[in-house]
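Going down the list, the sequences are from chains A and B.
1 is the number of the first residue of the first sequence in my numbering; add one for each residue after it.
1 is the number of the first residue of the second sequence in my numbering; add one for each residue after it.
Any given hint might turn out to be false.
Because identical chains share one entry, a pair is satisfied inside a single copy or across any pair of copies.
Derived lysine-lysine pairs resembling DSS-like cross-links, with alpha carbons at most 30 angstroms apart [as the list claims (entries may be wrong)]:
| # | residue 1 | residue 2 |
| --- | --- | --- |
| 1 | Lys266 | Lys57 |
| 2 | Lys140 | Lys266 |
| 3 | Lys266 | Lys383 |
| 4 | Lys82 | Lys4 |
| 5 | Lys266 | Lys4 |
None of these hints come from the bench; they were simulated from the model.
Predicted, not measured: the structure shown is a model, and the values here were computed from it.
2 protein chains.
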Amino acid sequence: MELKDFLWSLITIYVCARVMGELAARIGQSPVLGELLAGVLVGSSVLGWVEPTETLKLLGEIGVMLLLFEVGLEADLHSFLKVGWSAAAVATIGVVTPFVLGYGLAIALHMTAIQAIFVGATLTATSVAISARVLSDLGKLKTAEGNIILGAAVLDDILGLVTLSTIVGLAASGTVSWLEVGRTAGLAILFLGAAILVGIQYTHLFAALVNRMHTRGRLVVAAVTLALLLGYVADTLHIAPLVGAFAAGLLLARTEHQSHIEERIKPVNDVFVPIFFVLIGAAVDLSLLNPFKPQNWPVLLLASSLTVVAIMGKLAAGFGVIDKQVSRWAVGIGMLPRGEVGLIFAGVGLSHGIIAGGEYGAILLVVVLTTFVSPLLLKLAFKS
Amino acid sequence: MELKDFLWSLITIYVCARVMGELAARIGQSPVLGELLAGVLVGSSVLGWVEPTETLKLLGEIGVMLLLFEVGLEADLHSFLKVGWSAAAVATIGVVTPFVLGYGLAIALHMTAIQAIFVGATLTATSVAISARVLSDLGKLKTAEGNIILGAAVLDDILGLVTLSTIVGLAASGTVSWLEVGRTAGLAILFLGAAILVGIQYTHLFAALVNRMHTRGRLVVAAVTLALLLGYVADTLHIAPLVGAFAAGLLLARTEHQSHIEERIKPVNDVFVPIFFVLIGAAVDLSLLNPFKPQNWPVLLLASSLTVVAIMGKLAAGFGVIDKQVSRWAVGIGMLPRGEVGLIFAGVGLSHGIIAGGEYGAILLVVVLTTFVSPLLLKLAFKS
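Hey, can you work out the whole structure from these sequences and the hints?
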């Protein structure tokens, strides 16, 4: 990729994301909705201005990691652990219900058992990135609802990882290796637990290290490096890197430097994060939505019934909340967006030959619809 | 490139650049020297930890553009134009003297005419990025010396562009197209003039636009976008993109938002800029410096005589300064580093078949020596 093309892509992303984000804010919506729509516009299915090159994708990945780092940095581990049981219940219901409903629907539509399992599994995903960003846009990140949604979304990521690796193993060998499944799940839970529980003992070392440095940028570079490092470790354990970055944020939230890091990481994120959301939007293939093409009808039918099931399953998850003061609807709606996690699931299914182009298109539509509907509804849920 | 490898490269770059930068600061040197040395260490000629992939190179390019944007943002256009004649004289002497000396030396060493012209031209380069960073590290960016060095380095970039395109044309066709040379030079000067003179009339539009935005990150994204945009236009005119970004900084320095932009761009640069300097260091091939290998002797001999000539030529440039209050030595030393501009020149010469591996190695050594000696000497020059 030439520097010139790269500069032009970045300029296009920044200008379009900003314009659409501002427009979304004017009509009272979350700016992230505008950024996603900007992505649809500049993507290959409409204008074709931005090609998702390797470099842009890597920058987007860094962006979403730093976004979750910032979210962790603003979170309070105590109020987070306080809603731990609610979050666990929400995550569990939010995985079991969509899976069962999706599986049943797929079987009723005469899919094979392995396809039905895969379709069910895809519906279990929650995009922690989109949930976090919408909550942040609405200023609801630090509410009980916000803590439960984020906690459940992070747990969901781990459950999703276990589910995905189970299914891929099932598709490859025809049998399930429970040893492998247990190992994957155990490693992931061990990582999160160790990162937070052990990390808390050593956060003072981070502060001491930074205090001994003299040169410019010591705080932001040290913080970013820790976020990338825990993201790297997570990736090595096959957990989403953003879970590691989130853990890094939670740890640094407890240091004396918290507010200074927050102040410095925000402009960095303003530069990185739009790239991620625009690329997510650009991955949407609008032509699948055209109802005037008869060949789209089966896909649209499958997509709409899956979407209904996907939304019902996650709304049910909201009722896992224990505290009666908390809005169950808001929690359920916050768990709706499948976002990038759904896209990854669908891509894995296609590349492993579990599903074909039609089912892939339908799952993509479910991802798009749940992702776009959540910011709209969440705003209403918090208002009432 | 896998995300995991990319994360690991970034972590390595940040940790090594920070450690070496801190060490450099401890022994009273400019941190950029440490970052360059960190690059040599992690590069392929020592540890081989960081491979300069396309993505890293593009990020480094963005880093150096944003560095020059920040320098422009901190500069004062008036005190900049006040030393305009001195800067022009320094730039002219700093191009003519190294060229004549380098050409003469090459002819004396029995090179062909075209090779001698190319060797002379390579010695004319000045790395505005390294000069600016060293001045910033020393806190001398806003002195008269700093303004003259920066102004001359920017003009040098334009003169260098003209020289390079002339030589490449000469090598390709055997004749010089003065029309083409004039067109290149004219476009470059027109761009800088237009960007600054016309831009000044419209900076209030930037302020008005940002003031109308409501969503987070409006200031830093608008500023970065303008820097990338002017960099893109510069690139289109075959000028170094960092000259365009520098012009963007000069323009925004005159808006009401200057201090807020500065505050927000700094953490962004802390994340991007080390990538550039580490990659410059990583491009150094240390094996050429080994005096125990007899096959290195001709290269080392050529390199050392070229280095003497390169340093003499730029020190002479310091005497172009008109104001008697200004340290001529500091200005001359500030013009020494060939940095990335020298590397680009050498690469073009090699790829066009003008020079062979031996001359290429010697020019690389000149680039390395002038780049590493300048921060060391500049500190002394400002002390006296």
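Hints and how they fare:
1. Lys266 - Lys57: For Lys266 and Lys57, both the intra-copy (20 angstroms) and inter-copy (24 angstroms) Cα distances are at most 30 angstroms.
2. Lys140 - Lys266: both (17 angstroms within a copy, 29 angstroms between copies)
3. Lys266 - Lys383: within (27 angstroms within a copy, 38 angstroms between copies)
4. Lys82 - Lys4: Classified as neither: same-chain Cα gap 50 angstroms, cross-chain 33 angstroms, threshold 30 angstroms.
5. Lys266 - Lys4: both (27 angstroms within a copy, 24 angstroms between copies)
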